[in-house]
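**Q** These are the residues of each chain, in order.
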Amino acid sequence: MNGITTALEFLPEILVLAGALLVLLLDVVGVRRLEAFGGVIVAAFGAALVAILADLSVAPFAGWSTLPAGSLDVGPVGGSLYAFTSFGLVFQGIFLSAALLVAVASLSRTSNEKGASVFYALLGIAALGMLLVAVSADLIFLLLSLEVTAISSYLLVGYTRRESRGLEAAMKFYIIGALSAALSFYGASLLYGAYGTTSLAVIGHSYPSGGLGPLAIVGYAFLFAGIGFEVTIVPFHAWAVDVYDGAPTDVSAFLAGGTKKVGLFAFFAVFLVPLLLIGGGAATASGSFRDSLQILIAVFAILTMTIGNVLALMQDNMKRMLAYSSISQAGYMLLGVAVATSAALTGATLQIFAHVLLKGGAFLVVAAAAGLGVGPMIADWKGFGHRRPVLGASFALMLLGLAGIPLTIGFVSKFILFAATVQAEGLFLWLAIAGLLNSALSVFYYARVLRTMYAESPEGALTPTEEVRGLAFDGLGLGRAVAIGAAVVAIVGFGVDPQPLVQVMQAAVQHFVTLGI
Amino acid sequence: MTLDPFTTAGLVGLSGALLGIGLFGIVTRRNFILLLVAIEIAINAAVLNFVYFAAFASNPSSGLNGQSAAIVVIGLAATEIAVGLAIVLALNRIRGSINVTEATALKL
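So the protein sequences, as listed, match chains E and D.
For the record, in the first sequence the residue sitting at position 512 is 1611 according to my numbering, with numbers rising by one throughout.
For the record, in the second sequence the residue sitting at position 36 is 113 according to my numbering, with numbers rising by one throughout.
Bear in mind the hints are in silico, worked out from the structure with no lab data behind them.
Think of the CB as a built atom: it goes at the ideal place given N, C-alpha and C, for glycine as much as any other residue.
Treat the hints with care, since some could be wrong.
[Claimed, not checked] Quick list of simulated restraints, FRET-style, between CB atoms:
#, chain 1, residue 1, chain 2, residue 2, range
1, D, I98, E, V1409, 30 to 40 Å
2, E, A1106, D, P82, 18 to 28 Å
3, E, V1409, D, T156, 30 to 40 Å
4, D, S145, E, L1123, 20 to 30 Å
5, D, T156, E, A1337, 23 to 33 Å
6, D, S174, E, E1555, 50 to 60 Å
7, E, L1412, D, D81, 26 to 36 Å
8, D, I98, E, D1596, 49 to 59 Å
9, D, S174, E, A1106, 44 to 54 Å
[What the hints assert, rightly or not] Chain E residues, not near chain D, derived (Cβ > 12 Å throughout):
#, residue
10, R1131
11, A1269
12, K1271
13, S1283
14, P1313
15, L1314
16, S1441
Could you put together the complete structure from these sequences and hints?
**A** So this is what it looks like as structure tokens:
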């Protein structure tokens, strides 16, 4: 394989990196226009997304793929650090849609503060780390890519520098992130000690013969804690609320929609593949181990969704409510890992994509509302639905989608996920019931926001001019309007006709399950 | 040279102690700079593991895998600390203090 074909394999990653470097370069040569920085990053993300869709042979872009023929879904060759799988590519697409949504929305930032180029460059580098996580086939490569994303997101949270809350959130995020990195790398070093390699595929395939020794079990426990912090699994969740609350709201959208999903993919790659798909499936001796691991993950899933939901019920602050609901959504995604059938994994993948659109979109609406003078508390949203009909309806749609109301993508994903859980039978029936009860519980806090927005009239009567202005995305900025509009179109579009999306994801998951990475 | 269980237990015990010291520091230190030192210690526990498992590796390519991992993690630790120092500087500029417990603008 010569250099150019190798480079072409990494076309999406190269495009994103080039965008980030170009932004820094433009800043150095004296360009001071924010739109230029934002435009470069949006173009880079867009081009990379097209390249990924082409690799997946999605309708309009099929045939443009830059991957060498036959290199997709064959698994890592030899000791290769990376492998291109359609499952990884689907996740790359999900990550990039989150990054693109945030990049487009931040085009409407008008303040010309110093270091604005840094914001876009960091967004690009974080996206690069996310893309690399999805192609990694080696534990160290995976954790390193995860750190590329994490380190740039600490800086994104605190980039305003003069704002005390943002910096404090950055500090907390940094401490937790460093702790999680230390735990994950320690776990990886123990796995290396147990198996003499850091290749995920080799580690996975050595269970049927070698089984799990004490070193490997302790190593996996450390990895679970380290990655658990990233995914906000329940005993490791407390930081997320402070960070989402204190970060600039555009960045919160990126954290909830993007970086957390990267942690989930790492969770899939580290636990699902070796423990459930290869080890459990091949050897009957390790069957009981597989069962107990599934039950363990199921317990964490139920804990995560229940505690997230209960705490979300008690919040009066809009961003903190969304943050807790984000924690509970991570529980639903873990459900797919616990069940570990291809149908459940398809559901989990869909749920992850739905969450990018719904929660990312919701945070963007909160950012837009803050720009229009709406305060941080839920009570401040009183009458928002009357004052801003279009924006209010978009927000209502996103909350309903998070609750899982039909005709939104949130319903499709939850339906497939719970149906697969019920099909798995046995103990998983209880898991499905716990999930459904939690879904019902979550309706309460979403409904509370809707009631505040619509049932309660705004203070002071609306003047007609205000009413007319409220119909347009006026005062919102073009970027935010486009991003929120795109999220709404995707939520309803995939909610009404999920078939194309489900087909792509099903095929990818099928490859993933049969191949075992 | 191969690893017998007792040597392994001793080696992992040593790196585990290092990790424990680091984690203890992360939890108890109030000064952000000392907290960075604790983070460095915790990450170096993993480096130590990689180095000695590589030294006892059964074949050369496996040994190289561990050695390169050790170098990569050392690089990562340096990056992590550099970003931490940037956050300390910015915090100190607006608050005049690098005490972690004074960060109370966000309730936990």
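**Q** Evaluate each hint against the coordinates.
**A** How the hints compare with the structure:
1. A C-beta distance of roughly 36 Å is found between I98/D and V1409/E, which places it inside the suggested range of 30 to 40 Å.
2. In this structure, A1106/E and P82/D break the distance hint of 18 to 28 Å, their C-beta atoms being roughly 46 Å apart.
3. Between V1409/E and T156/D, the C-beta spacing of about 38 Å keeps the proposed range 30 to 40 Å intact.
4. Here the CB-CB span from S145/D to L1123/E is close to 29 Å, well matched to the stated 20 to 30 Å.
5. For the pair T156/D and A1337/E, the beta carbons lie near 25 Å from each other, so the given range of 23 to 33 Å is met.
6. Distance hint for S174/D and E1555/E: a CB-CB separation of about 42 Å, inconsistent with the stated range 50 to 60 Å.
7. Between L1412/E and D81/D the CB atoms are about 55 Å apart, so this pair departs from the stated range of 26 to 36 Å.
8. Against the hinted window of 49 to 59 Å, the Cβ-Cβ separation of I98/D and D1596/E comes to about 57 Å, which satisfies the hint.
9. With their beta carbons about 48 Å apart, S174/D and A1106/E fall inside the hinted range of 44 to 54 Å.
10. The beta carbon of R1131/E sits about 22 Å from the closest Cβ of chain D, which is more than 12 Å, so the claim that it is off the interface holds.
11. With a least beta-carbon separation of about 6 Å from chain D, A1269/E fails to lie farther than 12 Å from that chain, contradicting its non-interface assignment.
12. Not every Cβ of chain D is farther than 12 Å from the Cβ of K1271/E; the closest lies at roughly 7 Å, contradicting the non-interface assignment.
13. For S1283/E, the condition that its CB be more than 12 Å from all CB atoms of chain D is violated, with the nearest at approximately 9 Å.
14. With a minimum CB-CB distance of about 9 Å to chain D, P1313/E fails to clear the 12 Å threshold, and the non-interface call is violated.
15. Annotated as non-interface, L1314/E brings its C-beta within 12 Å of a C-beta of chain D; the closest such distance is 7 Å.
16. A cut-off of 12 Å between C-beta atoms confirms that S1441/E is not in contact with chain D; the least separation is 32 Å.
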